[in-house]
Amino acid sequence: MTLSLEQVEHIAELAKLALSDEEKALYREQLSSILDYAERIQQIDTDDISPTATVLPVHTVLREDVSRPGAPREKLLENAAVQEDGMYRVDTILE
Amino acid sequence: MINLTDLTIKDAQSLLQAGEITSVDLTQAYLDRIAGIDDTLQAFLTVTADQALAQAQQADQRLAKGEHNPLLGVPLAYKDVLCTKGIQTTCGSKILEGYRPPYSARAIENLDAAGAVMLGKTNCDEFAMGSSTENSAYQVTHNPWDIERVPGGSSGGSAAAVAGRLAPGALGTDTGGSIRQPASLCGCVGLKPSYGRVSRYGLVAYASSLDQIGPFARTVEDVALILNVITGYDPQDSTSMNLPVPDYTAALTPDLKGVRVGVPKEYFIEGMQPAVEKIVRAAIDQMVALGAEVKEISLPHTDMALPVYYLIAPAEASANLARFEGQRYGPRISAGSMWDTYKQTRGEGFGPEVKRRIMLGTYALSTGYYDAYYLKAQKVRTLIKQDYDRAFEEVDVIACPVSPTTAFKIGERVDDPLQMYLSDVLSLAVNLAGICGISVPCGFDADDLPVGLQLLGPAFGEETILHTAYAYEQSTDWHTRVPEL
Chain F
1 MTLSLEQVEH
11 IAELAKLALS
21 DEEKALYREQ
31 LSSILDYAER
41 IQQIDTDDIS
51 PTATVLPVHT
61 VLREDVSRPG
71 APREKLLENA
81 AVQEDGMYRV
91 DTILE
Chain E
1001 MINLTDLTIK
1011 DAQSLLQAGE
1021 ITSVDLTQAY
1031 LDRIAGIDDT
1041 LQAFLTVTAD
1051 QALAQAQQAD
1061 QRLAKGEHNP
1071 LLGVPLAYKD
1081 VLCTKGIQTT
1091 CGSKILEGYR
1101 PPYSARAIEN
1111 LDAAGAVMLG
1121 KTNCDEFAMG
1131 SSTENSAYQV
1141 THNPWDIERV
1151 PGGSSGGSAA
1161 AVAGRLAPGA
1171 LGTDTGGSIR
1181 QPASLCGCVG
1191 LKPSYGRVSR
1201 YGLVAYASSL
1211 DQIGPFARTV
1221 EDVALILNVI
1231 TGYDPQDSTS
1241 MNLPVPDYTA
1251 ALTPDLKGVR
1261 VGVPKEYFIE
1271 GMQPAVEKIV
1281 RAAIDQMVAL
1291 GAEVKEISLP
1301 HTDMALPVYY
1311 LIAPAEASAN
1321 LARFEGQRYG
1331 PRISAGSMWD
1341 TYKQTRGEGF
1351 GPEVKRRIML
1361 GTYALSTGYY
1371 DAYYLKAQKV
1381 RTLIKQDYDR
1391 AFEEVDVIAC
1401 PVSPTTAFKI
1411 GERVDDPLQM
1421 YLSDVLSLAV
1431 NLAGICGISV
1441 PCGFDADDLP
1451 VGLQLLGPAF
1461 GEETILHTAY
1471 AYEQSTDWHT
1481 RVPEL
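Line by line, the protein sequences give chains F and E. So the first sequence is numbered by my numbering: it starts at 1 and just counts up by one. So the second sequence is numbered by my numbering: it starts at 1001 and just counts up by one.
Don't read these hints as lab results, they were simulated from the structure. Backbone N, C-alpha and C fix where the C-beta goes; we use that ideal spot for every residue, glycine too. Each hint should be verified, as a subset may be incorrect.
Below, a sample of chain F positions facing chain E; criterion: calculated Cβ distance under 7 Å [stated by the list, open to error]: (1) M1; (2) S4; (3) L5; (4) L14; (5) R40; (6) L56; (7) P69; (8) G70; (9) A71; (10) A80; (11) A81; (12) V90; (13) T92.
Residues of chain F clear of chain E, computed beta-carbon distances all greater than 10 Å [stated by the list, open to error]: (14) T2; (15) E6; (16) A18; (17) D21; (18) S67; (19) E84; (20) D85; (21) G86; (22) D91.
Turn these sequences into a full structure, and let the hints guide you.
Structure follows, in structure tokens:
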């Protein structure tokens, strides 16, 4: 199979990745060849097989609903690219 | 005068406990060796010299008070995907340049409490995605046995540091072979614990259903000593299992009488270097000489592990790496609106392999392809796991190579992602099944490059693989060879 350029652009949009034209061409070729290779799993009959999402015999793990202190705000904000008045400063979300 | 950086953890600990050396001496010896040799190896991204000496002083005070603890005062190196409080943690990526986590990974907290000394953070493939450590955004790490070759990956910095005697032990992470493969290519011991054995709290996630933290060292016993400290239940990781933690060193006995070893015929594949097969088969003969019963077994879905892994791991990665958008950590490239800023920051902050896997995973999860790729891969994963379940009904341990080749040349595989992915063809299935595995040195090829023997055990069967690896190691001298640097 070969992905179209439009498919590559659609995936990049979903993944929120700005790609150059060279990158789009390269990933189109490389992803197509990797997906071709991955096609071999279709040969396997999995009609009565359940999927494995985790190998562990646990499902929903609950803990006591007890409050405890979170990480200090100043410490977390120290890593932000831009902070203001004790908050993350982000770019325009709504015009 | 003993050379401090030649000591195993076990031997260093005896001398520390006896007061014949101090942790400051030992730590300084490693810092000096790093200063002298790491320009060549490039194993470390960050060396925390001042903090290391301060930790060593505290360890010496605890030793002086008579405290006994196998890792007290022992220097270690940590892969840079593990959070270290206040110390830059980059995951080998530009997108986390400058990030100083407000907390440490649980495994590292446990080592801190045991009195281990952090020498620094080691290089790795960006977000642990790779098999050669060439995908680091910062530097290329060199194999101590031949500096024109890769150390393997993704924990290549940790493996090179241990093999090059820049640290007596280290932590790595293994999602598809990232501890075992570099241990094999660098000639040291590396153990991937069973999924759920070690808390993943503070490990920056790549593929959450596959990732595990594990130890590197020069001997099996040293690996067991580190495993003793990092293993156990952690309420902060709901996938860590609440099971008793044994003393793993208690399992280390020198004969293999009655141990049933399975050799999977599917693991000796076309394209494998003949020297690798010969050396691994000789190691299996040696296990027979030690009393093991060896039989051929079959793991029929082995050839499905690679395609299944490269659908499931990128799918999980595409979700995990959505958090990197330049708002809460890392550099931001502003482009006006929020979405454009996200795209620019991610487009420039991630390297080529990470973007490739995010794209692949996004596609595998997208509308119209989910059933054919992701769900199908999860079903085949079940069959891969069932192969091992059946095998472990008739054998205790599985023995095979880790990697089809010895260390390859730097640059040799970077332009062909599929070729690079094939480096992991013998290690990926272990993570998909959640079982445990170890690589132990078992010989050298004609170019003096090391080969690792991979021993696999069932989930939570670490004692069995440690015992088998120890008995084999103690009957050979491969682990005592030192690269010339």
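* To do: May I ask you to test the interface hint for V90 of chain F with respect to chain E, counting a Cβ-Cβ separation under 7 Å as satisfied?
  => With a closest approach of 6 Å, the V90 of chain F hint holds.
* With a cut-off of 7 Å on the beta carbons, see whether A71 of chain F makes it to chain E. => Result: holds, 5 Å to nearest chain E Cβ.
* Asked: Does the no-contact call for G86 of chain F survive, Cβ to all of chain E over 10 Å?
  -> holds (14 Å)
* Can we trust that A18 of chain F is non-interface, i.e. its beta-carbon lies farther than 10 Å from all of chain E? -> Since the minimum Cβ distance to chain E is about 3 Å, A18 of chain F lies within 10 Å and the statement is violated.
* Have a go at the A80 of chain F hint: is there a Cβ in chain E nearer than 7 Å to its own Cβ? => Result: holds, 6 Å to nearest chain E Cβ.
* Asked: Is T2 of chain F truly not at the interface, in the sense that its beta carbon sits beyond 10 Å from all beta carbons of chain E?
  -> holds (13 Å)
* For the hint on G70 of chain F, just tell me whether its beta-carbon gets within less than 7 Å of chain E. => It is violated, given that the least Cβ distance between G70 of chain F and chain E is near 10 Å, above 7 Å.
* Asked: Against chain E, is T92 of chain F within 7 Å by beta-carbon distance?
  -> Result: holds, 5 Å to nearest chain E Cβ.
* Was the hint right that A81 of chain F lines chain E, CB cutoff 7 Å? -> Cβ of A81 of chain F sits 4 Å from chain E, so the hint holds.
* Asked: Taking the closest Cβ pair, is R40 of chain F under 7 Å from chain E?
  -> Result: holds, 6 Å to nearest chain E Cβ.
* Holds or violated: is there a CB of chain E closer than 7 Å to the CB of S4 of chain F? -> violated (12 Å)
* Once the closest CB in chain E is found, is it more than 10 Å from D91 of chain F? -> Not fine: 5 Å to the nearest Cβ puts D91 of chain F too close to chain E.
Consistency note: the structure conflicts with the earlier hints numbered 1, 2, 3, 7, 8, 16 and 22.
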